[in-house]
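Number of protein chains: 2
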Amino acid sequence: MPSSVALRVEAIRAYLQSHQLDALILPTADPHLGEYQPENTLRVTWLSGFHGENCVVVITREKAGIFVDGRFTVQVKQQVPADVYDYLHMVNDCHLTWTMDQLPAGSRIAVDASLFGIRWYQNAETTFTSNGYELVSLPENPVDQIWEDRPAAPSAAIELFHNGGCSSLEKRQQVAERLQTNGLDATLLTQPEDTNWLLNIRGCDIPYVRTALSFGLLRKDATLELFIDTDRLPEGFAEHIGKGVNIHALTMMAEVLTESCRTAPKIQLDPNQTNAWLFNLLASSGAETVNGTSLCALARVRKNEIELSGMKAAHIQDGIAMCRFLAWLDRQVAAGHPHDEGTLADKLLEFREGVEGFVAPSFGSISALGPNAAMCHYHHDPKNARKLGQDGMYLIDSGGHYNSETGICGTTDITRTIKVGEVSDEQCRMVTLVMRSHIALDMARFMPGTTGMQLDTVTRQPMWQNGVNFDHGTGHGIGHYISVHEFPPRINPNNNHGALEVGMCVTDEPGYYREDSFGIRLENVLVVNKAVGTEAKLLEFETITFVPMDKRLFNPEMFSPAEKEWLNSYHSKVFEKIAPHLDEQDRQWLKQATSPVA
Amino acid sequence: MPSSVALRVEAIRAYLQSHQLDALILPTADPHLGEYQPENTLRVTWLSGFHGENCVVVITREKAGIFVDGRFTVQVKQQVPADVYDYLHMVNDCHLTWTMDQLPAGSRIAVDASLFGIRWYQNAETTFTSNGYELVSLPENPVDQIWEDRPAAPSAAIELFHNGGCSSLEKRQQVAERLQTNGLDATLLTQPEDTNWLLNIRGCDIPYVRTALSFGLLRKDATLELFIDTDRLPEGFAEHIGKGVNIHALTMMAEVLTESCRTAPKIQLDPNQTNAWLFNLLASSGAETVNGTSLCALARVRKNEIELSGMKAAHIQDGIAMCRFLAWLDRQVAAGHPHDEGTLADKLLEFREGVEGFVAPSFGSISALGPNAAMCHYHHDPKNARKLGQDGMYLIDSGGHYNSETGICGTTDITRTIKVGEVSDEQCRMVTLVMRSHIALDMARFMPGTTGMQLDTVTRQPMWQNGVNFDHGTGHGIGHYISVHEFPPRINPNNNHGALEVGMCVTDEPGYYREDSFGIRLENVLVVNKAVGTEAKLLEFETITFVPMDKRLFNPEMFSPAEKEWLNSYHSKVFEKIAPHLDEQDRQWLKQATSPVA
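If you read the protein sequences in the order shown, they are chains A and B.
Under our numbering, the first residue of the first sequence carries the number 168, and numbering increases by one thereafter.
Under our numbering, the first residue of the second sequence carries the number 168, and numbering increases by one thereafter.
Everything labelled a hint here was simulated from the structure, so no lab data went into it.
Only true hints are included.
Since the list gives no way to pick one copy over another, a pair counts as held whenever it fits inside one copy or between any two copies.
Cross-link-like lysine to any residue pairs, in silico, SDA-like; alpha carbons within 20 Å at most:
#, residue 1, residue 2
1, 731, 633
2, 697, 636
3, 718, 746
4, 731, 628
5, 704, 636
6, 230, 267
7, 230, 255
8, 554, 505
Could you put together the complete structure from these sequences and hints?
This is how it looks when you write it as structure tokens:
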């Protein structure tokens with residue numbers, strides 16, 4: 168009997184045949200092209216069985232191919248039936264070429280353009296056309312016509328958000344001013360983070376992100392066309408978002424945007440975040456599109472005073488939960504309880520659920536013992552989780568979304584590497600180097616205009632001077648009760664995402680990974696402030712995460728006096744801020760965990 | 168009686184009239200658009216009396232304007248007669264607008280296009296045309312028709328250079344490979360540094376630069392069209408440069424390049440280093456020009472083993488001269504001799520002339536006492552030079568070109584700040600911070616791909632963390648017996664000039680300047696090497712300047728242990744390398760100048 172995957176692929180082939188099409192190309196994406204997507208858009212998973220990210224499937228009348236990147240070459244074989252799909256490599260095999268190789272010239276290759284970026288679409292169109300193939304942009308997604316028992320679209324009510332610091336109108340005026348300065352008529356908002364921030368609303372439509380799915384077009388007069396699921400608007404929505412917003416169902420986008428292009432034709436969009444269907448729509452409506460990082464995102468990531476105060480309060484609550492967890496962990500290790508990576512992650516979530524304002528995790532925790540920590544994107548597998556007692560070090564990378572009526576409001580992201588067994592001098596040397604790199608960024612000061620690319624080099628000096636490196640960025644922007652990865656701030660060696668500005672929040676998370684052996688990462692969240700009282704007009708960081716670094720893994724002789732001073736001063740602040748919230752047992756634990764390093 | 172400047176301007180006006188022209192725009196430049204120019208091209212000086220750099224004069228039938236930048240607003244009034252020229256500001260007043268304001272629409276505005284960059288020319292053409300004016304590119308320079316007693320063109324014989332490390336053919340093949348890799352037919356060589364390096368020749372046609380003026384077109388088959396003053400070629404020139412070079416007089420450029428475009432049309436050029444006459448010539452000859460940093464310069468700045476060994480040997484000789492000078496200076500200060508800034512610079516030149524291989528200074532020394540050192544580009548004025556005895560600190564920034572048959576061959580650039588009187592704790596604090604920043608760059612390690620823009624941020628951390636900054640780049644590339652400022656290497660906050668690569672030589676010269684009070688700069692030359700024996704594939708610097716830093720100006724408590732170790736290790740190497748070349752008195756001086764800091 169054919170597998171359900173085989174039957175689904177056959178159904179797609181029937182669709183192709185009945186529509187005079189020869190192939191379908193389908194990526195793992197929804198129309199926002201974001202990091203996470205709602206269940207009802209997991210079409211690749213439904214059609215192939217594959218659960219990973221960054222994948223493309225191609226179905227022709229005769230063949231099917233699944234293209235995954237290096238992280239998923241093992242997983243794809245376990246999840247996707249080999250008698251239906253050829254396994255292919257996203258980088259080594261070009262899926263456009265592969266598609267053409269399966270088909271005679273003249274074939275019609277179909278896509279749902281709303282799931283592809285502009286650049287992919289334009290490249291595909293050029294490549295196919297110049298080789299005598301035709302790229303067909305479908306008015307519907309074939310999977311949606313066939314998928315029985317398809318999960319419902321997100322249905323939770325959209326939340327009115329009260330911790331945004333200023334009204335939607337003020338925020339819209341702020342972005343509108345940037346539009347005027349840049350000589351633009353409007354900016355296209357494709358990221359739910361932008362529309363949600365701008366309107367002081369939130370939702371829970373996609374995993375780990377506090378947004379309600381929506382699109383928008385904001386004009387230079389601060390008026391907004393909003394496209395959202397109008398069935399889910401709570402009472403008082405219109406009053407909450409204020410004057411100047413026209414609310415439309417998502418299905419009205421084509422009509423409203425086409426009309427809007429007539430009066431506001433010069434439209435900014437971010438080509439990396441705009442799907443080809445939208446771009447083609449604007450282009451055919453006579454818009455003059457201007458590429459650039461969303462002016463709304465540029466305003467959003469410079470958090471206002473209320474947002475920053477909410478972030479700081481959220482990090483105190485998160486610190487309380489983390490300290491309780493770490494104190495508990497030490498006791499469990501001492502008592503020899505062999506908890507596994509999954510239990511540990513669950514226990515931490517339990518502690519977070521016990522503090523004020525916690526709403527949900529901000530991403531899937533990385534809970535990794537011993538060699539598992541050497542995989543930067545490890546996720547514990549219930550069947551193969553490692554247990555306490557096997558390893559010397561435990562890495563836990565986790566975070567939460569917080570929101571309360573008392574102003575605790577923000578998103579957290581923290582990594583600690585903890586001693587849970589015997590460790591070697593070499594491991595302590597590496598933890599100390601990672602700590603020194605962490606401190607290098609935290610202590611950095613910089614002139615306005617300095618980019619994260621420049622500060623990344625400052626961060627890595629302690630490790631580079633000792634001959635070692637780590638193969639990921641040093642840090643990323645982090646949102647205000649919205650999403651844990653916020654663009655454009657980045658502290659990163661490869662790309663220049665612009666200067667760091669006052670009010671931005673970024674993570675500081677250098678690491679070190681030795682394959683099959685151990686992994687280290689130490690992560691706090693920092694806010695960019697103006698330095699006070701200096702001759703040069705400098706910027707500096709303020710640390711807002713307050714959780715001890717595990718001193719038992721340091722070689723104190725490797726620290727400079729300034730680094731030791733930073734560490735002791737940081738730990739004394741941790742005790743000051745967190746101790747009052749702990750019971751006696753945990754406070755005693757925190758006392759020793761934050762005692763000075765000599 | 169009218170001044171000679173007035174008469175010359177009148178002669179230009181007569182030329183304009185007789186040629187049906189309404190204005191002439193003339194910049195301080197020669198056709199290479201380089202930093203220095205030969206005397207016979209100092210047309211602005213002849214026509215205005217002005218001796219500064221970066222100036223434009225505009226002569227209409229009625230008016231004349233001279234445009235200078237902020238550095239020269241005082242000087243221009245002293246040197247240029249106010250009854251002939253209006254004084255204007257290069258940045259605040261647009262010279263194109265000013266020109267149009269003096270003239271009715273339809274006027275014909277003339278230029279010698281060979282003295283302007285491509286961007287200037289295209290902008291001027293667009294601006295004039297769109298306002299109804301005509302930009303006229305003259306076939307000759309009007310000044311040259313009028314200038315009696317014009318200095319002769321450079322006449323010294325061109326030198327055959329024997330310390331280049333490999334043959335011209337090998338170098339041409341090396342660049343030709345880069346052309347092939349980049350899919351280019353040829354690269355246009357507008358910088359004498361490129362043609363001279365490529366052909367293993369040198370000259371002394373322009374101040375402070377060891378080049379023979381010349382242009383070239385190098386093809387992907389390693390053949391070269393060379394344009395040079397053929398009257399000055401020494402015996403054996405053709406054999407020396409090897410096969411595949413066609414030698415032409417400079418006057419043949421138009422004809423040869425036009426012809427060459429037919430067979431090698433895809434030509435790389437650096438738009439910042441190519442004059443508009445050349446660009447227009449290529450464009451009208453059907454060339455497809457490709458903008459980019461000269462592939463020849465990119466090969467040249469990665470010095471080969473012989474070039475690096477010559478550079479190191481030159482720095483030892485320069486170190487001997489500098490140490491003799493600094494020892495002498497200390498004795499003069501002790502004896503209370505009130506030498507002035509000019510005498511000190513002359514004395515240093517005398518010491519350089521006394522070591523092996525010295526040929527000429529590599530730039531005009533900055534010899535600055537006390538507050539004069541706060542001006543980064545100070546040049547002592549014989550009439551107003553400050554004298555020893557007035558100030559606490561003396562800054563000397565100088566360098567030399569070296570070339571000998573024994574392989575001492577290179578260019579040096581060194582700055583030291585020396586105690587010559589009483590200094591305050593605050594001054595010592597600032598010198599120590601500058602020293603710490605200097606050490607930060609020297610000790611930096613970095614992954615391949617890291618740019619000077621990133622390393623600049625590493626350099627400034629010690630100063631930024633203490634609230635101060637300096638307003639110039641940290642360092643520049645330095646050439647191999649050719650020119651002291653070498654592109655593209657730069658360690659600089661503003662621009663990204665590509666990654667630092669093995670074999671590049673750069674200066675490390677942070678500073679601190681307090682207006683009207685004092686100035687500090689500490690400069691060594693560094694070579695980029697591969698780090699050996701490290702887990703990550705890193706690059707690092709090797710210091711090749713060996714002259715003590717003045718310890719009397721440090722506050723040793725401000726150094727970290729690693730910085731102190733760097734300093735003591737550096738000084739012990741200075742003693743080891745330089746002491747054997749000094750007499751007993753100077754060796755004793757060096758002994759104490761390099762003794763360890765506790």
